[in-house]
Amino acid sequence: MDRQQQMEERLWDYIDGLSSTDERSLIGQLIADNREWQIKYRELLEMHEAINASELEAPSLRFTKNVMEDIARFQVAPATNSYINKNIIRGIGAFFLVMIVGFLVYLLGQMNWAGTGGGSTSNLLSQYNANVEKLNWSKLLSGTSMNIFLMVNTVLGLVLLDLYLQRKKQRGSQA
Amino acid sequence: MVLTDIEIISKVLAGEQAVFAQLVERYRDYVFTLVLRFTDNREDAEEISQDIFVKAYRSLADFRGESKFSTWLYTIVRTSCLTFLRKKKLDTLSLDNERVFIQAENQDSGFRANQVELKSRYAMVNEAIRLLSPDDAQVITLFYKAEQSLEEIGRVMGLDPNTVKVKLHRARQRLKTKMEKNFSHEVRELQGD
Chain A
0 MDRQQQMEER LWDYIDGLSS TDERSLIGQL IADNREWQIK YRELLEMHEA
50 INASELEAPS LRFTKNVMED IARFQVAPAT NSYINKNIIR GIGAFFLVMI
100 VGFLVYLLGQ MNWAGTGGGS TSNLLSQYNA NVEKLNWSKL LSGTSMNIFL
150 MVNTVLGLVL LDLYLQRKKQ RGSQA
Chain B
0 MVLTDIEIIS KVLAGEQAVF AQLVERYRDY VFTLVLRFTD NREDAEEISQ
50 DIFVKAYRSL ADFRGESKFS TWLYTIVRTS CLTFLRKKKL DTLSLDNERV
100 FIQAENQDSG FRANQVELKS RYAMVNEAIR LLSPDDAQVI TLFYKAEQSL
150 EEIGRVMGLD PNTVKVKLHR ARQRLKTKME KNFSHEVREL QGD
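Residue numbers (numbering that gives the first Met the number 0), protein chains in the order written: chain A, 0 to 174; chain B, 0 to 192.
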């Protein structure tokens with residue numbers, strides 16, 4: 000940030016009343032003593048006053064009447080928190096959490112923790128390869144439990160993708 | 000007797016629908032100006048503004064008084080404007096993309112050159128704000144016209160107050176550039192040269 004920019008920023012803070020007491024007195028002193036600061040201050044203050052004094056745009060004269068005619072057809076809706084039950088939201092969250100934890104426990108329970116014991120890495124790898132070749136994938140993937148597992152994961156994946164896209168969209172509109 | 004926003008809202012919630020007109024009168028220029036910053040078309044802006052007040056009326060029970068009514072109303076303004084832009088398939092243009100506004104600016108610059116002497120300095124500032132991107136124009140309007148603090152603007156725009164401060168600073172810089180570019184004569188007068 001160059002000196003000019005820094006000066007402008009400090010002056011805007013001073014004009015907007017956002018600077019600290021010490022900073023205010025320092026800038027007040029600079030405006031009083033320094034011609035450059037004085038000119039810039041006057042320029043920014045005039046712009047600030049012009050923006051402040053500018054008027055809002057006005058809609059047509061019938062505007063209020065039109066709105067009142069429109070709302071005559073409606074009733075005030077009940078407050079959102081009166082019909083959204085937080086317990087239901089929490090229940091859905093708890094359901095997914097239990098599902099995930101349940102599957103993790105089930106998978107960990109199926110694992111053979113005994114291992115081969117003391118074998119070298121190459122031994123382990125060859126045993127792993129042999130085991131993988133022996134696996135009957137079609138039988139494994141056609142099981143009902145596996146189908147449910149895949150379905151739940153797909154739903155969770157979609158939920159996460161939706162959350163991610165929503166956040167990305169929000170960030171995009173704010174940038 | 001002038002009723003406060005909260006008093007009006009309480010009356011409306013108690014069934015006095017007609018009192019809502021006071022809120023409309025109080026905030027119609029504010030809403031219309033903000034919408035105009037998004038749409039740049041008076042007819043569309045009026046239609047959207049009307050719709051915003053209807054939505055505000057319908058969801059008035061959701062206003063808990065934790066923020067200013069204008070802050071709450073702005074959240075409806077922003078959502079409605081973005082929905083409108085999406086419907087109009089204008090969402091391909093980023094809110095920060097100034098192409099459209101530069102285009103509009105070039106199209107009527109000749110006309111403006113002839114009319115410029117007739118403009119008051121305030122109309123000139125308004126005109127220059129219209130040439131800014133919607134985001135810049137919103138920040139300036141919210142800060143100056145809606146008298147929202149940086150924290151309040153941050154809350155409705157989902158930004159940190161410091162980010163709002165930087166945005167406001169940049170918006171004012173761009174406004175200054177626009178004014179110098181399009182209204183140099185008036186700017187000189189404004190500066191008393």
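There could be a bad hint or two in this list.
[As the list claims (entries may be wrong)] Quick partial rundown of chain A residues pointing at chain B, CB under 10 Å, derived from the structure:
#	residue
1	Ala52
2	Asn65
3	Phe73
4	Pro77
5	Leu162
6	Leu164
7	Lys167
Keep in mind that the hints were calculated from the coordinates and are not lab data. Cβ coordinates follow ideal geometry from the N, Cα and C atoms, glycine included.
Evaluation of the provided hints:
A cut of 10 Å between beta carbons decides the hint on Ala52 of chain A: the least distance to chain B is about 5 Å, and the hint holds. Because the smallest distance between the Cβ of Asn65 of chain A and any Cβ of chain B comes to about 6 Å, under 10 Å, the interface hint for this residue holds. Nearest Cβ of chain B to the Cβ of Phe73 of chain A: about 5 Å, under the 10 Å cut. The hint holds. The restraint placing Pro77 of chain A at the interface with chain B holds, with a minimum CB-CB distance near 6 Å, inside the 10 Å limit.
Taking 10 Å as the C-beta contact cut-off toward chain B, the hint placing Leu162 of chain A at the interface is violated, the least distance being around 16 Å. Interface hint at Leu164 of chain A: violated, since its Cβ lies 14 Å from the closest Cβ of chain B, which is beyond the 10 Å cut-off. Annotation: interface hint on Lys167 of chain A violated; nearest CB of chain B at approximately 13 Å, more than 10 Å.
The structure fails hints 5, 6, 7 (numbered hints given earlier, in ascending order).
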